[in-house]
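K.L.:
What follows is each chain in one-letter form.
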Amino acid sequence: MAIPDSAIPRPGRPKLDTVPRGDPRDRGGKAQPLLIVENLTKHFPIRTGLLNRGRGAVQAVEDVSFVIMKGETLGVVGESGCGKSTLARLLMRLIPQTSGHLIFDGDPVEAMRGVSLKEFRRNVQMVFQDSASSLNPRLPVVDSIAFGPRAHGVKKATARAGAEELLGKVGLMPDLFGGRYPHELSGGQKQRVNIARALALHPRLLILDEAVSALDKSVAAQVLNLLRYLKRHLNLTYMFISHDLGVVQYISDRILVMYLGQIVEIGPADEICGQPKHPYTRALLASQLSTDPESRIETAPISGDPPSPVSPPPGCRFHTRCEFAEAVCAAKAPAFANWSEPGSHVARCHMEDPTSGHSRARVSGQSPAYHTRAIPAE
Amino acid sequence: MTDTTVNSIGAAALPKSRSYLATVGRRLRYDYVTLFFLAIILLVAAAAIFAPLIAPFDPLKTSMAFRLKPIGYRNFLLGTDELGRDMASRLIYGGRMSLLMGLAPVAIASIAGGCLGVIAGFIGGRVNTAIMRTVDVFYAFPSVLLAVAISGTMGGGVANGLMALTLVFIPPICRVSETATTQVRHLDFVDAARASGASAWRIIVYHILSNVAAPVFIYASSLISVSILLAAGLSFLGLGVTPPAPDWGQMLANLRQAIYVQPLVCALPGIAIFLTSLSFNMVSDGLRQAMDVKS
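If you read the sequences in order, they're chains X and B.
Residue numbers for the first sequence, in my numbering: 1 to 378.
Residue numbers for the second sequence, in my numbering: 1 to 295.
Please note that the accuracy of each hint is not assured.
As the list claims (entries may be wrong) - With a straight-line Cα cutoff of 20 Å, these simulated EDC-like cross-link-like pairs (lysine to aspartate or glutamate) come out:
| # | chain 1 | residue 1 | chain 2 | residue 2 |
| --- | --- | --- | --- | --- |
| 1 | X | Lys-118 | B | Asp-191 |
| 2 | X | Lys-118 | X | Asp-105 |
| 3 | X | Lys-332 | X | Glu-62 |
| 4 | X | Lys-118 | X | Asp-26 |
| 5 | X | Lys-118 | B | Asp-188 |
| 6 | X | Lys-231 | X | Asp-26 |
Said to hold, decoys possible - One-sided and incomplete, this derived list gives chain X residues near chain B with beta-carbon spacing under 8 Å:
| # | residue |
| --- | --- |
| 7 | Arg-122 |
| 8 | Ala-151 |
| 9 | Tyr-250 |
If you're looking for bench data, these hints aren't it; they were derived computationally from the structure.
Every value quoted in this text rests on a predicted model; they were computed, and no experiment measured them.
Glycine residues also receive a C-beta, built at the ideal position from the N, C-alpha and C atoms.
Just chain X, same shape as in the assembly (with noise of 0.2 Å):
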């Protein structure tokens, strides 16, 4: 029962189970990041009037830069209506980029002697939030699954033997779910077929897109497990963005923070996780509930709602809900530089940058002042 070769017309192209280390779909090699995201921009104009007038633009989307290795998974975190959903339809390119653009395993997307947006797209697949609307309701999830190498050129019953190969991969026996609509399943079985379908088209890269968000938390647990060992077997790189920092710690290697827009932190996960250099990162760390009683917290560690995207605040974006807020964060944008070394950790706050003149700005080669809080806690 091994998904035939000729499933996605290529020579060479591995078989599912047996994908070996070194992928012969590599061109770049190993230090080659598989993608590269540059200077992505995405301002949505606000239409309103009779003439469609342009009156501002809600900017969900603000130069963000970062590479994706090859075989890792990255987590992107960060509050409702931060532009992670943006960022990844921006990455799927399901909506067109107002500037910034992509570069896959070193070729540009969509340039001249680049790969082309179908070849990209072959490549790069989503799971995506909605495990219900992202189903067909009038198709046998059997069909859905086989819809992506069908237009690729691939016979019908070839498609559909794929399909059922990757229903068992994904734990749902073929022959009984095959033929199934999408409201005979339970949400963690459609996300499961949903992850299938994604994986129709032997992707490289991943997009999970709170993938698992809207499960009970053990099926979110068993999904996370799959996606694991789907991973392991299918030599698969991830992106993997959640509002939920637990499930990111769990599965990244390394994570990337946003807020309105930009990204204020990346960095490997337990670094993140353990020296948070951003004021933002360290209070939504504080924000995770705790089983110890020792850790509890009586106020939050940030208030308020984060300001509109239609006019964000000048220089640092987090400087009206930060407690290190002085006179420089609202004057100059501060600087995010290093974005490309894919082992860095760096924030994007007036803090970390010595010549910034922010009073607690680190002192080269020193601790930086930022580990003791602002307000001594009583």
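Use these hints to put chain B onto chain X, whose structure you have.
P.N.:
Relative to the frame of chain X, chain B by itself:
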């Protein structure tokens, strides 16, 4: 790789899933009301198709001696009309015209209006505005008035009547299909289909139509009875079939003067129109319930 399969209750014990059409068919089988009216429609249809074999007389043969005879008079099963033609034969032949005028405009309008709606809904934006506002212009007129106006301008006759009715039904069907398309258009599975690199055409054929076909079909089936009534109305006003050919609406118009002589015979075409259109309505209703499988 089936060893990774999770199934705690034992696969053999679980029933196989039924396909959508099988579920709909199963529901219809136990819906006796719908089946009864479906039988009436089939009866009318069979009578219309096999009219030459069933009709006892020539529907056009007049006879001055047997004008306006009551039901059951000699061999005239349902009496005769004002020119002495056999009512039973004329009703059987008239069913042809009624069914044609009921089904053809709705079928053509479903395809035309359905496509228009899907295009408007899928592309959205200015194309949507252009198509839907044009359609709204037709909405401004009551359907009867519109049908009479179009028919009146183009002149009587079956072809013009057909065209008039088709034009009347395109706007509402277009609106239903546009609404259904817009609802589906922004769901994640359409995005997922786009993300898999499929062309817009493939997405429409595979994902949109499967979701739009059912509501359009159900709505169109409810329009068949309206179409029959409108066609009868056009004929009644002299805008439909040209006189000697039998047609229920026209028969009703011609027998109008004889209402005090043979009230029962005069009512027959009306009863035929009523029964047929009611049957289509009931069947459409039953279909709608049976096809509402989701949940």
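K.L.:
Against each hint, give a clear statement of whether it holds in the structure.
P.N.:
Hint check results:
1. X:Lys-118 x B:Asp-191: 14 Å, holds
2. X:Lys-118 x X:Asp-105: Between X:Lys-118 and X:Asp-105 the Cα gap is close to 15 Å, so the pair holds against 20 Å.
3. X:Lys-332 x X:Glu-62: The hint holds at about 16 Å.
4. X:Lys-118 x X:Asp-26: Holds, at roughly 18 Å.
5. X:Lys-118 x B:Asp-188: The hint holds at about 19 Å.
6. X:Lys-231 x X:Asp-26: Holds, at roughly 16 Å.
7. Arg-122: 6 Å, holds
8. Ala-151: 4 Å, holds
9. Tyr-250: With Cβ-Cβ at 21 Å, over 8 Å, it is violated.
The structure fails hint 9 only (numbered hints given earlier).
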